[in-house]
Amino acid sequence: MKKSLWLLLLALTLIVVMAACGGNNDPNDGEENVDAANNEDNMDENNGNNENDANDENDGNDDAAAAGDQTLIFARGGDSQSLDFASVTDGESSRITLQIYESLLKFNENSFEVEPSLAHDWDISDDDLTFTFYLEEGVTFHDGTDFNADAVKTNFDRWSDPDSEFAFADDGYAYTTYGNQFGGFKGDDNHIIDEINVIDDHEIEFVLNYPSGAFLQNIAMSYFAMTSPAALEEYGSDINENPVGTGPFKFVSWNKDDRIVLDKNEDYWQPDLPKLDQVIFQVIPDNSARLTALRSGEIDIMDGLNPDDYEMIQEEPGLQPFERETNNIGYLGFNTDKAPFDDPLVRQAMNHAVDKETLISLLYADLAVPAKNILPPAYLGYNDDIEPYEYDPERAQELLEEAGYADGFEFDLWAMPVARPYMPDAERAAEVLQANFADIGLESNIVTMEWATYLEEIETGVQDVFMLGWSGTNGDPDYFLGNLLSTATIPSSNQTFYSNTEVDDLLEQARSVVDEDERAALYEEALAIIHEDAPMINLVHSTPVLAGSDRVQNYVPHLSTSEALTHVELSE
Amino acid sequence: METVTPTNKKPMPGPERNEPEMEKIEVVSPWKDAYWQLKKNKLAMVGIFIIIFFIIVALIAPLLTPYAFNTISAGDRLSSPSAAHWFGTDDLGRDIFTRIVYGARISLMVGFFAVTGALVFGTFLGIIAGFFGRWIDMLISRIFDIMLAFPSILLAIAIVAILGPSLQNALIAIAIINIPIFGRLVRSKVISIRQEEYIMAAKAQGMKNGRILFHHVLPNSLAPIIVQATLGFGVAILEAAALGFLGLGAQAPTPEWGKMLSDSRQFIQSAPWTVLFPGISIMLVVLGFNMIGDGLRDALDPKMKN
Numbered sequence: 000m001k002k003s004l005w006l007l008l009l010a011l012t013l014i015v016v017m018a019a020c021g022g023n024n025d026p027n028d029g030e031e032n033v034d035a036a037n038n039e040d041n042m043d044e045n046n047g048n049n050e051n052d053a054n055d056e057n058d059g060n061d062d063a064a065a066a067g068d069q070t071l072i073f074a075r076g077g078d079s080q081s082l083d084f085a086s087v088t089d090g091e092s093s094r095i096t097l098q099i100y101e102s103l104l105k106f107n108e109n110s111f112e113v114e115p116s117l118a119h120d121w122d123i124s125d126d127d128l129t130f131t132f133y134l135e136e137g138v139t140f141h142d143g144t145d146f147n148a149d150a151v152k153t154n155f156d157r158w159s160d161p162d163s164e165f166a167f168a169d170d171g172y173a174y175t176t177y178g179n180q181f182g183g184f185k186g187d188d189n190h191i192i193d194e195i196n197v198i199d200d201h202e203i204e205f206v207l208n209y210p211s212g213a214f215l216q217n218i219a220m221s222y223f224a225m226t227s228p229a230a231l232e233e234y235g236s237d238i239n240e241n242p243v244g245t246g247p248f249k250f251v252s253w254n255k256d257d258r259i260v261l262d263k264n265e266d267y268w269q270p271d272l273p274k275l276d277q278v279i280f281q282v283i284p285d286n287s288a289r290l291t292a293l294r295s296g297e298i299d300i301m302d303g304l305n306p307d308d309y310e311m312i313q314e315e316p317g318l319q320p321f322e323r324e325t326n327n328i329g330y331l332g333f334n335t336d337k338a339p340f341d342d343p344l345v346r347q348a349m350n351h352a353v354d355k356e357t358l359i360s361l362l363y364a365d366l367a368v369p370a371k372n373i374l375p376p377a378y379l380g381y382n383d384d385i386e387p388y389e390y391d392p393e394r395a396q397e398l399l400e401e402a403g404y405a406d407g408f409e410f411d412l413w414a415m416p417v418a419r420p421y422m423p424d425a426e427r428a429a430e431v432l433q434a435n436f437a438d439i440g441l442e443s444n445i446v447t448m449e450w451a452t453y454l455e456e457i458e459t460g461v462q463d464v465f466m467l468g469w470s471g472t473n474g475d476p477d478y479f480l481g482n483l484l485s486t487a488t489i490p491s492s493n494q495t496f497y498s499n500t501e502v503d504d505l506l507e508q509a510r511s512v513v514d515e516d517e518r519a520a521l522y523e524e525a526l527a528i529i530h531e532d533a534p535m536i537n538l539v540h541s542t543p544v545l546a547g548s549d550r551v552q553n554y555v556p557h558l559s560t561s562e563a564l565t566h567v568e569l570s571e
Numbered sequence: 000m001e002t003v004t005p006t007n008k009k010p011m012p013g014p015e016r017n018e019p020e021m022e023k024i025e026v027v028s029p030w031k032d033a034y035w036q037l038k039k040n041k042l043a044m045v046g047i048f049i050i051i052f053f054i055i056v057a058l059i060a061p062l063l064t065p066y067a068f069n070t071i072s073a074g075d076r077l078s079s080p081s082a083a084h085w086f087g088t089d090d091l092g093r094d095i096f097t098r099i100v101y102g103a104r105i106s107l108m109v110g111f112f113a114v115t116g117a118l119v120f121g122t123f124l125g126i127i128a129g130f131f132g133r134w135i136d137m138l139i140s141r142i143f144d145i146m147l148a149f150p151s152i153l154l155a156i157a158i159v160a161i162l163g164p165s166l167q168n169a170l171i172a173i174a175i176i177n178i179p180i181f182g183r184l185v186r187s188k189v190i191s192i193r194q195e196e197y198i199m200a201a202k203a204q205g206m207k208n209g210r211i212l213f214h215h216v217l218p219n220s221l222a223p224i225i226v227q228a229t230l231g232f233g234v235a236i237l238e239a240a241a242l243g244f245l246g247l248g249a250q251a252p253t254p255e256w257g258k259m260l261s262d263s264r265q266f267i268q269s270a271p272w273t274v275l276f277p278g279i280s281i282m283l284v285v286l287g288f289n290m291i292g293d294g295l296r297d298a299l300d301p302k303m304k305n
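Line by line, the protein sequences are chains E and V. First residue of the first sequence? That's 0 in numbering that gives the first Met the number 0, and the numbers climb one at a time after it. First residue of the second sequence? That's 0 in numbering that gives the first Met the number 0, and the numbers climb one at a time after it.
Treat the hints with care, since some could be wrong.
[To be verified] Below, a sample of chain V positions facing chain E; criterion: calculated Cβ distance under 10 Å:
{"#": "1", "residue": "Gly74"}
{"#": "2", "residue": "Leu91"}
{"#": "3", "residue": "Arg93"}
{"#": "4", "residue": "Gly246"}
{"#": "5", "residue": "Gln265"}
{"#": "6", "residue": "Phe266"}
{"#": "7", "residue": "Ile267"}
I should point out that these hints are in silico values taken from the structure, not numbers from a laboratory. All figures in this text were calculated on a predicted structure; none of them were measured in a lab. Ideal Cβ positions, reconstructed from N, Cα and C, are used throughout, including at glycine.
So here's chain E without its partners, still in its complex pose (with noise of 0.2 Å):
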């Protein structure tokens, strides 16, 4: 009896060792960790009043003290396509690999102003055709390798050479971004690009063919990121899904569409950053179900706060919301190799027939503006002429007899399953734009399926009409052009399968103009002609809305998509 009570005990013990040095690299460990995470909240809650009266004591110091657990729960509504940056666009993988990946330089953390990261500083000659960059020293890749000038080029190189070891190009890695920002792959005419040259390990020379007004704009992107050429050797196409960089944060694990986890980077190069030990980014497709955990403390960030509800937690104790700039497009997009959206006039009748300021006031609680360009207004190239298609049904009828579709007809109307920061719930507002549609005598019926599986099937051409969005990522016009409606980004980002010759042209030179009002006459014109044309019907200009507790601190979201977590900590 004795003997048995003694193994019992033993067993015990070893049961609470073993589970103390469980490592983090097991994926499971992450629910454990979530469990952690919300009895210290708890714990955090009990203590609360004590710590008030000490710091009452504390006075000038106003610093509100770091909560012990800096454990960091950010939930959003959808997954990451991928963890390859590079390779995908959507925000969900940006918005991860912001935090494992940094660039050579980065934005300013309320704008599209240019910084210092990975590159401490920087040259430009006198005819605007050769870059210098100077890189950081010391920094190492997450697997402990140096980060010099020669991974630069491996990068540059992976993106920008098809025949690069790298390029993972039979694995269905394709690299339209780089190809949209720097006018093409290695050997195409506009390739910005000429050369890249590593002068020593921490200076590298990028030399241009022709000079181009956004090459440091481009440099800055997210998309342009570091990855340790250690790590692309040893993964090969598994990168995706085994990240490894040089930023603040480590890839720890990953289970699809539930969380992603990430450790500290505890050698990182900028000295006592990040603050947080941990950051999970948690899958809640529900809006309301993420804004119940956040009440309830399980997390501690969420994305997609419903417009409706951001009043309410501007009021509510214990809740911050946040604000992102507005800098985006959410647009209903035509399949114009589709009959029969392949005839304009049908789609300026289905432009005619939506009723935007109802669907902003139904489902944006006024956060966002009708849009009538695709760019935002503050970008360069805005083109403020432009007559927007006005809600006007019985036109819209006419425009319908015109082109032979006086009966009508069916069609799918594809909505997005999640939360976009330029559509809150599409779903939602795909029955508005059911109801505006069927009042033109047009049946549709709603699709919807799970997002990434959404995000693949648009680029296979198999949708009728389509709802997405884009969101600028560097506050470059061509960013948003040249991306949605080029002939060269068919299909990756390029889902209406618009294709116009004219507009291809003057984006191109856009591209190489380094004046700005050069420039924006360009994109204005191309505008101009897009608007004729309308392969999208542009939806709303959005101010995404956030909400988070009020133990984070520093949290400032960007106007891009993602922000890197760098400096943000909780206090108790």
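Using the hints, position chain V against chain E.
Frame of chain E, contents of chain V only:
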């Protein structure tokens, strides 16, 4: 149905044509008797009243409301119940009363067709299994067992996932998952009836299997089938609402009650009427059918008499 035979075990003399005489001997036919029993049951009468009420509402839906169920109106967003909007409006400014009224059509239709489908196929399979026995029974019964081994809603979700989400496919899925329930019921009834002397007699007279099945076995198994069908009505409506709630049933803009619930659940605190009325409607209809079903069971069960 003139072929009704008494349910108590009395030796049945001779062939069919003697039966009308039998009825004269009995003072009341079992069906008439059941009707009286049911009429005495207050709960069942309430159930019948509820269902008739909903049927009427569904039939005259357009006369009850000045609105269309899919008219979106930004100005009326989430307005509380008022004279203009009896049940308030939802987050797209649609009149909830109108949607409930039209939704009654959807729910009753789903209930009717799903139960009819399950009833027809389930009864057919059950009779075959019960009457012929041996390997046919083995095969059909095992298939029923397999289907019943799945939680029914899970099976329905799987079927809809294969067929694609739509009201029609949800209806098919609900019908399929209810087949074994009817099938097993009918099978066991048939097995017990098969032993009855009047069936032996019919067989002895050289009556064909088909005739025995449809003139003797089926009419005598009707009572439990009717009870199960009534109860199944409620279950089917509930399952349709569940599928609608999961986005696998009726698609927008169809005003299906379950879908209305799921679409509005984020407003449960700020605008409770958006979920209250669809919820109450589902509850009432299901309750109504259950009350009738319970009443029928009591009325049709000879052991419950007096």
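Go through the numbered hints given earlier and state which of them the structure violates, listing their numbers in rising order.
-> none
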